[in-house]
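Going line by line, the protein sequences match chains D and W.
The first sequence begins at 115 in this note's numbering and counts up one residue at a time.
The second sequence begins at 115 in this note's numbering and counts up one residue at a time.
What the hints contain is simulated information worked out from the structure, not anything from laboratory work.
A few of these clues could be false.
Remember, identical chains collapse to one label, so a pair may be satisfied in a single copy or spanning two.
SDA-like mimics (lysine to any residue), calculated; alpha carbons at most 25 Å apart, straight line [unchecked claim]: (1) LYS326 x PHE380; (2) LYS326 x GLY242; (3) LYS326 x ALA167; (4) LYS326 x VAL225.
All values derive from a computational prediction rather than experimental measurement.
Listed below, chain by chain, are the residues.
Number of protein chains: 2
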Amino acid sequence: MLASDEGGVTAESEWVAVDWGTSNLRVWGIGRGGHVLFSRTSAQGMATLAPDAYPRVLADILAPDVAPAGKPLDALICGMAGARQGWMEAPYLDAPADLATLAAAAVTAPVPGGRLRARILPGVCQRGDGAEDVMRGEETQLLGLSTLVPHFSGIVCMPGTHCKWVVLSGRRVERFATVMTGELFDVLRAHSVLRHACTGAGQGPDHALGFKSGLAAGGDAPQRLPAMLFKVRAGALLSARTPDWCAGYLSGLLIGAEIGAQREWFGRGDLAVVGSAGLVELYGAAMAREGKQPLIVDGHAASLAGLLAARQEARG
Amino acid sequence: MLASDEGGVTAESEWVAVDWGTSNLRVWGIGRGGHVLFSRTSAQGMATLAPDAYPRVLADILAPDVAPAGKPLDALICGMAGARQGWMEAPYLDAPADLATLAAAAVTAPVPGGRLRARILPGVCQRGDGAEDVMRGEETQLLGLSTLVPHFSGIVCMPGTHCKWVVLSGRRVERFATVMTGELFDVLRAHSVLRHACTGAGQGPDHALGFKSGLAAGGDAPQRLPAMLFKVRAGALLSARTPDWCAGYLSGLLIGAEIGAQREWFGRGDLAVVGSAGLVELYGAAMAREGKQPLIVDGHAASLAGLLAARQEARG
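Model the full structure from these sequences, guided by the hints.
Spelled out as structure tokens, the structure:
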């Protein structure tokens, strides 16, 4: 819903919160007192954009909200727009990192015309031989989580293409690791020999059975993941496993192996899963198998809360 | 070299041995006493062929050796030509499988014209919920190994796109497992975010350093493979790792994790690695790190020895 639909008033947003990821762009118009006036999404994520396209895309999606004169509209941006191959590089904060300093480290990205003022929040990196890791966007969700759940102290699992596991104490990111579960699923299903078996729609009772079976196999012996992947193909050839079962098994195997390998991370206080509805359900099932009952937080809600908190930090 | 180049005599082969894999076709002309008269290769592997193309491709590559009249030329074939999506399905033998029975289970594939008689050897499968596995071509190499190394009893590691680990006692395949190391390397390097980092040529001192580092990381904690893959990307971003280093690290990480996860297989008598020159060198280095000194056998030599042994079985 656009604010302009309600009473013909344009440009009533005080500022806009922007989550600009690899695949999607999401903006929220924020009014007085931090109220969300509207949200809009677009498929114009980083992966589809050349660096010089960002100002136009942002101006287009915010066109109804930009006043022709007066104070420019502030846009506070998190995510891959700040990557080297994005709009403008926002240098990483080093972990351990205090997320209260995110806003202070933001960079200003130029928008021609002077009606928009865009600031991009940094990501967080971890240095050291063999410990190297990076995140962009998740740091803002973590700041959001620390606002939504004050005094959170423990492990945050953030499933996605590149799943992040984070040790978070309040607003401090102690350390983190990226697990490529989502991307492994995508490339194996699209490009490997398993594509012949995994043509299922990703739902239904056979999918659920396959997922459960894969979860057990991966969770019980995560080190054997590369040796169990081929069971998807062999199961289709020899045991007449259906495409739905195979897709479910592959998904369960990968998530099970991820959770199984990260067992050492558990038992450090709180446990949260932050992500999209579909993924948090799958990871919740995997963690229940470990006897864990994580706090579930919607990924978009965490991003928004983080951008709100960063805006507050920026303004003191 | 064609036999016909030496003295103008055509069709002196008694029969031809054929290894017809996914990517390549390789034929050997066999003369009296099992001597190899010639070998030829072509890129017309199963992946490039429709079922009805096989007879023509085989007739073409063997044209100089097929006599216009008299006894038809026998071709004994192993590999993916016998898969369901190949020329003609040669049903699997079930493991535990006696490889002395391979020839008896071969199927006859039709070749129009009657100047060629083609027989395709079966693969071996392993049934049972969660134990499902298949091989095609490797069973013939295993029969070859049992001929080249009489009384071999132990573990055979057969690196490739789909690496096979086999418990072999003489000519008996006890059990086996497929590890998708080669295909994981291929799809990650071609289709994942790691493609940005792994543009190296796969050689040089940086490649060797990366391989060694990856081998240690994967071998020490194979269960953490999905969490270590991203280090390739993060190492390039944060520690200025070169494309050669990254490609070497990815290769070492995958092979190290494979060997590390298969540790339970070691210590069962003999140990052999059967494969191409490049791969057996990498796997040999990985096994040396485990204190193992495997017997190294060239993959083509094993295929040829297996086809010779199967021909002998077929003729009693």
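Here is how each hint holds up against the structure:
Proximity of LYS326 to PHE380 under the C-alpha cut-off of 25 Å is restricted to the intra-copy arrangement: shortest distance 21 Å within a copy versus 31 Å between copies. In this homomeric assembly, LYS326 and GLY242 come within 25 Å of each other (Cα to Cα) only across copies, at 18 Å, whereas the closest approach inside a single copy is 37 Å. For a Cα distance limit of 25 Å, the shortest separation of LYS326 from ALA167 qualifies neither inside one copy, at 44 Å, nor across copies, at 42 Å. Taking CA atoms no more than 25 Å apart as the test, LYS326 paired with VAL225 passes in neither setting, with 50 Å inside one copy and 47 Å between copies.
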